[in-house]
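Trainee: Letter by letter, the chains look like this.
Number of protein chains: 2
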Amino acid sequence: MMTICDFNRGPYPARIRIAVVELGIQEKVRFVEVDLRTGAHKKPEFLEKNYSGTLPVLEIEDGTFLAECTAITEYLDHLDPSPQLTGATARERGMIHMMNKRAEIEFLDPISVYFHHATPGLGPDVEVYQNAEWGEHMRDKALRGARYFDKVLSTRPYVAGQSFSMADITVVAAFVFAAIVKLEIPTHLCHLHEWHERMLARPSVQAWRDMG
Amino acid sequence: MMTICDFNRGPYPARIRIAVVELGIQEKVRFVEVDLRTGAHKKPEFLEKNYSGTLPVLEIEDGTFLAECTAITEYLDHLDPSPQLTGATARERGMIHMMNKRAEIEFLDPISVYFHHATPGLGPDVEVYQNAEWGEHMRDKALRGARYFDKVLSTRPYVAGQSFSMADITVVAAFVFAAIVKLEIPTHLCHLHEWHERMLARPSVQAWRDMG
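Chains as they are written, first to last, in our numbering: chain A, 43 to 254; chain B, 43 to 254.
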């Protein structure tokens, strides 16, 4: 049995909760809550598990802690010899990792920075340093990112190509975070919204929404 | 034959140049220069290849452009059925991806942000938006990152465990960028420096240095 330390409504935790259902390994994991609202993820005890002070963290059977969603997804996806979320061929792996990283740096992560720097975020006890101008700059970057992904999805059914992958999950997480910070994804980005409707209909994403 | 668009002294390009030598595939790639100093990587023609406007970019045989060092490394490492840089087992893959990402977000990327925001960077024509306070904040984060990696390397010979991996290359790139921006890695971080000396002795890193 593996343990996932997370906060169940968090956008980054959603990435792994969705991956777990996609991989059908719900019976192999249990969840332990780390309360973001009280800054439990910035306390020394938690930083021993993850230096970066972020959620989620996966504890595997030998006691090793794995942080970073991409790394956790790589681990879970390779427990079975046929990976489903990170690609089978070199080209698939390259495309999925590129689009996954791009989804992070151009869309999801900028929304996170906006939240933590240009809004009250998790409150003054947790947000000990804020740079509001940087936060606003990142909000604008995220909106440009949304336009980019709309263009990508006008040419193919999934973020990294012809199949669902880890990169789709990361863009779903950007929508989750956008809803939390009330950042509107413009309705005229119809390819992106049409894709998102398809994602919401997937059992893995449905399960995450039903949990809330 | 594959084409790598890069700038030969760039810290991120160094990651792929070192990986190419580690994998012994020098004969399969040719390099094309994109001049960072004139902002060629921010021009529309280049942005068609890589939306994020960063180097390096790998063009593979079918004309696909792959950006992001981790994605390019994944691609190159899986051209052969036995990956050497990204891990063989689920646990190795998880550890390597975690430590690689951590090397990016806690050490290499913050130095890049410091360079582009709190120093003249690539000059006023390229650095169209700067946030000096954020840049300084990131410099301090990078120095904390150096301390963290010193601690990691007091417990194991390589960044992600008992073997050389992509994560080591990323920390090497942080040293490359630190030298460019004259950010001193404190000499008392002896485990980190001892590791770096071993890295400098590797033929792949030596080849990159000799090229300059």
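Fair warning: there could be bad hints in the mix.
A pair counts as met if it fits within one copy or between any two copies, since identical chains are not told apart.
What the hints assert, rightly or not - Here are the simulated lysine-lysine pairs, DSS-like style, with alpha carbons at most 27 Å apart:
1) K183 / K193
2) K224 / K84
3) K91 / K224
4) K183 / K70
5) K70 / K91
6) K91 / K193
7) K85 / K183
8) K183 / K224
9) K70 / K193
10) K193 / K85
11) K70 / K224
12) K183 / K91
13) K84 / K193
14) K224 / K193
Treat the hints as calculated values from the structure; they're not laboratory data.
Model, not experiment: these values are computed from the prediction.
Trainee: Compare the structure with each hint and give your call.
Mentor: How the hints compare with the structure:
no.: 1; hint: K183 / K193; in the structure: within (15 Å within a copy, 35 Å between copies)
no.: 2; hint: K224 / K84; in the structure: within (25 Å within a copy, 30 Å between copies)
no.: 3; hint: K91 / K224; in the structure: neither (31 Å within a copy, 32 Å between copies)
no.: 4; hint: K183 / K70; in the structure: neither (38 Å within a copy, 36 Å between copies)
no.: 5; hint: K70 / K91; in the structure: within (20 Å within a copy, 41 Å between copies)
no.: 6; hint: K91 / K193; in the structure: between (39 Å within a copy, 14 Å between copies)
no.: 7; hint: K85 / K183; in the structure: between (30 Å within a copy, 17 Å between copies)
no.: 8; hint: K183 / K224; in the structure: within (16 Å within a copy, 29 Å between copies)
no.: 9; hint: K70 / K193; in the structure: neither (38 Å within a copy, 32 Å between copies)
no.: 10; hint: K193 / K85; in the structure: between (41 Å within a copy, 19 Å between copies)
no.: 11; hint: K70 / K224; in the structure: neither (34 Å within a copy, 48 Å between copies)
no.: 12; hint: K183 / K91; in the structure: between (31 Å within a copy, 19 Å between copies)
no.: 13; hint: K84 / K193; in the structure: between (37 Å within a copy, 19 Å between copies)
no.: 14; hint: K224 / K193; in the structure: within (23 Å within a copy, 40 Å between copies)
Comparing the model with each numbered hint stated earlier shows that hints 3, 4, 9, 11 do not hold.
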